[in-house]
Amino acid sequence: MTSTFIASSAVSGAVRSSLMKLQAKLAEAQKEVATGRLADVGLSLGFKAGQTVSLRQEHSRLQSITDSNGLVASRLDASQAALKAFAEGAQSFLGQLVVARNSDTAAATIEGQAKAALAGFTDLANTTFNGVALFAGINTDVKPITDYASSPPAANALAVANAFTTAFGISQSNAAVASITPAAMQTFLDGAFANLFDPTAWSSTWSAAADQNTKSRISTSELVETSVNANDEAFRKLASAYTMLADLGTANLSQTTYQAIVDKATLVVGDALQGITALQAKLGSVQERVKNADTRMGIEIDIMTSHIGALEGVDPYEASSRLSTLLTQVETAYAMTARIQQLTLLNYLPTR
Amino acid sequence: MTLSIGLDAALSALSTTADQTSIVSRNVARAGEPGASRKIANLVTLQGGGVKVASVTRAANAALYDKLLGATSDSAAQKAIVDALDRLDATINDPELDASPAALVGKLADALHTYATSPQDAAAARSAVAAAADLAQALNAATGTVQQLRTEADGEMAASVGNINTLLARFETVNTEIVKGTRRGADVTDLLDERDQILTGISAEVGVRTVSRGDNDMAVYTDSGVTLFDVKARAVTFDRTYSFSATTTGNVVYADGVPITGNSGRMLAGSGRLTGLAAIRDTYAPTYQSQLDEIARGLITTFAESDQSATPTLPDVPGLFTYSGAPAMPASGTLVVGLAGSIKVNANVDPSQGGNATRLRDGGISNPGNPAYVYNSTGAAGFSQRLEQLIDALGTQQSFDASAGLVASSTLSGFASSSVSWLQESRKSASADSDYKAALLERASDALTKVTGVNLDEEMTLLLELERSYQASTRLVTTIDNMLAALLQAAG
Numbered sequence: 001m002t003s004t005f006i007a008s009s010a011v012s013g014a015v016r017s018s019l020m021k022l023q024a025k026l027a028e029a030q031k032e033v034a035t036g037r038l039a040d041v042g043l044s045l046g047f048k049a050g051q052t053v054s055l056r057q058e059h060s061r062l063q064s065i066t067d068s069n070g071l072v073a074s075r076l077d078a079s080q081a082a083l084k085a086f087a088e089g090a091q092s093f094l095g096q097l098v099v100a101r102n103s104d105t106a107a108a109t110i111e112g113q114a115k116a117a118l119a120g121f122t123d124l125a126n127t128t129f130n131g132v133a134l135f136a137g138i139n140t141d142v143k144p145i146t147d148y149a150s151s152p153p154a155a156n157a158l159a160v161a162n163a164f165t166t167a168f169g170i171s172q173s174n175a176a177v178a179s180i181t182p183a184a185m186q187t188f189l190d191g192a193f194a195n196l197f198d199p200t201a202w203s204s205t206w207s208a209a210a211d212q213n214t215k216s217r218i219s220t221s222e223l224v225e226t227s228v229n230a231n232d233e234a235f236r237k238l239a240s241a242y243t244m245l246a247d248l249g250t251a252n253l254s255q256t257t258y259q260a261i262v263d264k265a266t267l268v269v270g271d272a273l274q275g276i277t278a279l280q281a282k283l284g285s286v287q288e289r290v291k292n293a294d295t296r297m298g299i300e301i302d303i304m305t306s307h308i309g310a311l312e313g314v315d316p317y318e319a320s321s322r323l324s325t326l327l328t329q330v331e332t333a334y335a336m337t338a339r340i341q342q343l344t345l346l347n348y349l350p351t352r
Numbered sequence: 001m002t003l004s005i006g007l008d009a010a011l012s013a014l015s016t017t018a019d020q021t022s023i024v025s026r027n028v029a030r031a032g033e034p035g036a037s038r039k040i041a042n043l044v045t046l047q048g049g050g051v052k053v054a055s056v057t058r059a060a061n062a063a064l065y066d067k068l069l070g071a072t073s074d075s076a077a078q079k080a081i082v083d084a085l086d087r088l089d090a091t092i093n094d095p096e097l098d099a100s101p102a103a104l105v106g107k108l109a110d111a112l113h114t115y116a117t118s119p120q121d122a123a124a125a126r127s128a129v130a131a132a133a134d135l136a137q138a139l140n141a142a143t144g145t146v147q148q149l150r151t152e153a154d155g156e157m158a159a160s161v162g163n164i165n166t167l168l169a170r171f172e173t174v175n176t177e178i179v180k181g182t183r184r185g186a187d188v189t190d191l192l193d194e195r196d197q198i199l200t201g202i203s204a205e206v207g208v209r210t211v212s213r214g215d216n217d218m219a220v221y222t223d224s225g226v227t228l229f230d231v232k233a234r235a236v237t238f239d240r241t242y243s244f245s246a247t248t249t250g251n252v253v254y255a256d257g258v259p260i261t262g263n264s265g266r267m268l269a270g271s272g273r274l275t276g277l278a279a280i281r282d283t284y285a286p287t288y289q290s291q292l293d294e295i296a297r298g299l300i301t302t303f304a305e306s307d308q309s310a311t312p313t314l315p316d317v318p319g320l321f322t323y324s325g326a327p328a329m330p331a332s333g334t335l336v337v338g339l340a341g342s343i344k345v346n347a348n349v350d351p352s353q354g355g356n357a358t359r360l361r362d363g364g365i366s367n368p369g370n371p372a373y374v375y376n377s378t379g380a381a382g383f384s385q386r387l388e389q390l391i392d393a394l395g396t397q398q399s400f401d402a403s404a405g406l407v408a409s410s411t412l413s414g415f416a417s418s419s420v421s422w423l424q425e426s427r428k429s430a431s432a433d434s435d436y437k438a439a440l441l442e443r444a445s446d447a448l449t450k451v452t453g454v455n456l457d458e459e460m461t462l463l464l465e466l467e468r469s470y471q472a473s474t475r476l477v478t479t480i481d482n483m484l485a486a487l488l489q490a491a492g
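Here the protein sequences line up with chains A and B, keeping their order. For what it's worth, the working numbering labels the leading residue of the first sequence as 1, then goes sequentially. For what it's worth, the working numbering labels the leading residue of the second sequence as 1, then goes sequentially.
Not one of these hints is a red herring.
Chain A regions said to be covered by chain B (calculated; three or more residues, Cβ under 8 Å): (1) 10 to 17; (2) 46 to 59; (3) 139 to 152.
Please keep in mind that the hints were generated in silico from the structure rather than gathered at the bench. Keep in mind the model is a prediction, meaning the values are calculated, not measured. From the three backbone atoms N, C-alpha and C, an ideal C-beta is built for every residue, glycine too.
Just chain A, with the same shape it has in the complex (with noise of 0.2 Å):
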């Protein structure tokens, strides 16, 4: 009939398609610039989408570990201010027996000396630190080391009592330790007494802490013990080494039975402070190692959340430049719809 035909439907059919599609994509456009991310995350990424899972999951992760290494470094600092605390008295009681050791009536002085040592020592070594008992290795949950001068006598001090009434058949506070030679305390400090300050021995009379440290993951890949813990033999040699002079009956004893045992004091104090010099260094080396861990955890989570970003997000300038241009064809597309309207022949045909 004619050469080209069109329908008037299809005429308005084509504007009114064309709208809805402009419209669904104006909704996506505005929803991207408010948010700064894709609209639908998911359909836009497709397969893509289980990385930026991942990454997600990455992210949390190192910063539950960044979060955690908090309570793990400030746990480390309260161990190394007690570690401190520890060397302090044992250098000062260092000083106190030099003073000590040939003096004749310093005997009683230093025994109380010892005595506040020892109070000075349980306190430290059952230090807690947020409800953890820091030195008590993994029980956590008890303070270490039993209270040496409680009453009635705990554990730790019978022991002491029996091992001395055993050696010398006198009890420390009978006068007769007068008559102890120094070379049967030597023999006592070295054997009976030396034995109550054995692990298996501290275990079961002075300690309760577990000799395995806790272990806290400071990375995704480094599990490394973060305590130590009072069944440690520089703790044990502290404890002999102010027992000897607490409750060995010092005040009564001979001068030279009396030195033998500031001798002998000096070098197991000697010994404690070097083993607790070595303890400072192995809790320092594991703060390096957090410190470091946490530096290159930073690091990581910043490029993570820029590859989420990158995956995620959208151009913001892209996507305001967008949404402009599809108002502006939207408007175009109403004008059209308004201007086809009254495209039709029966507005110019005459009316009788």
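Mind docking chain B on chain A? Use the hints.
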């Protein structure tokens, strides 16, 4: 008597113009109706010079119409798939919300880590167990979503089948009318339009092929060749399943006794909503379900407890995560259908069910009465070894069943992430495909409307022409009347 012949011709012109006007009116009236075609009056000259409307035909284009049918089927199939996949996306949602099973596995690992850093902290224990419970619930809920989706797809298939049968019955009525009318020589164009519309409706449900025969008769087959209509409508049958679990298999749709959906069958329909729904019910949803099941199995395996005796003799048992088959462990690397629906946190460790959360640290979740499975034999409050072991286990590769359609060996969280990838990639490609098919449909429908639709301007001009010809004819009648009157006067 040539004057009277002229009068007859003028009169026939008048009635023909009236007929043509009525066709213009019909066209104008249906201009906005989709699927209505333009009607054309075909005139013949009568002996003696008169004219009459011999027949009415419609503007049609068989090739474009076939294309429309195909595009309708394809688009409907893709749309059903996209809609369903969008529903499955609810189990993942925006990655930012961390709601997917993959993200919840990560959260559980984080909670375990926090607990391992402060093993004496009962609150950290409870929060780790809560994270585990969240994960188990998410898997249960996702299973619910998947099975609900299958139930609904099955219901929609039933509705679709019902629709096809109704349409076929109407098709039969209309087709019979058309054949009869054509034989009688009546105007069947409106019936043809109606039949086309019914057919378009059927093609949205299932892909069709048509064969036209004499007398405007038509036979309809599915795109795979199964007869839907040939003189008589054939029955399309389907047994609906009212409730789906992961182990349920849906029924097959039969047309004329031949299966047109399902996995086995040589004449399965290739397009239409029915096919899309069947693909969701039988392929997409079950695949996603097996991925969820494998995640659940991976969790049970990862958190299993082993005999801690010096010489272990007892088998591994499910620990933090357990399921209906406990205390037996699910077989390694083998899919257990529906596991994601039954996985739960063991009541012995869940404080909200009267359990003790610290068992997560100490072990013995499976059976608190059996010391063989206790890891923390001394009961130390700072014992973190078991927790660290669990964290390590989460990061260890394990094997997964190939029927889940993902990697064969991966870490648990890697597997869960690749499940996200699978779903989103399916969505992306289905959505792109659907957009493409919808555009094709729009094109086909546009092309057909352009050719067969009504142009109001054309009808108006036609009307003007008819008006003029009517005026001319009436003028002729009056003129001849005057002439006859003059003749009679002269004779009188």
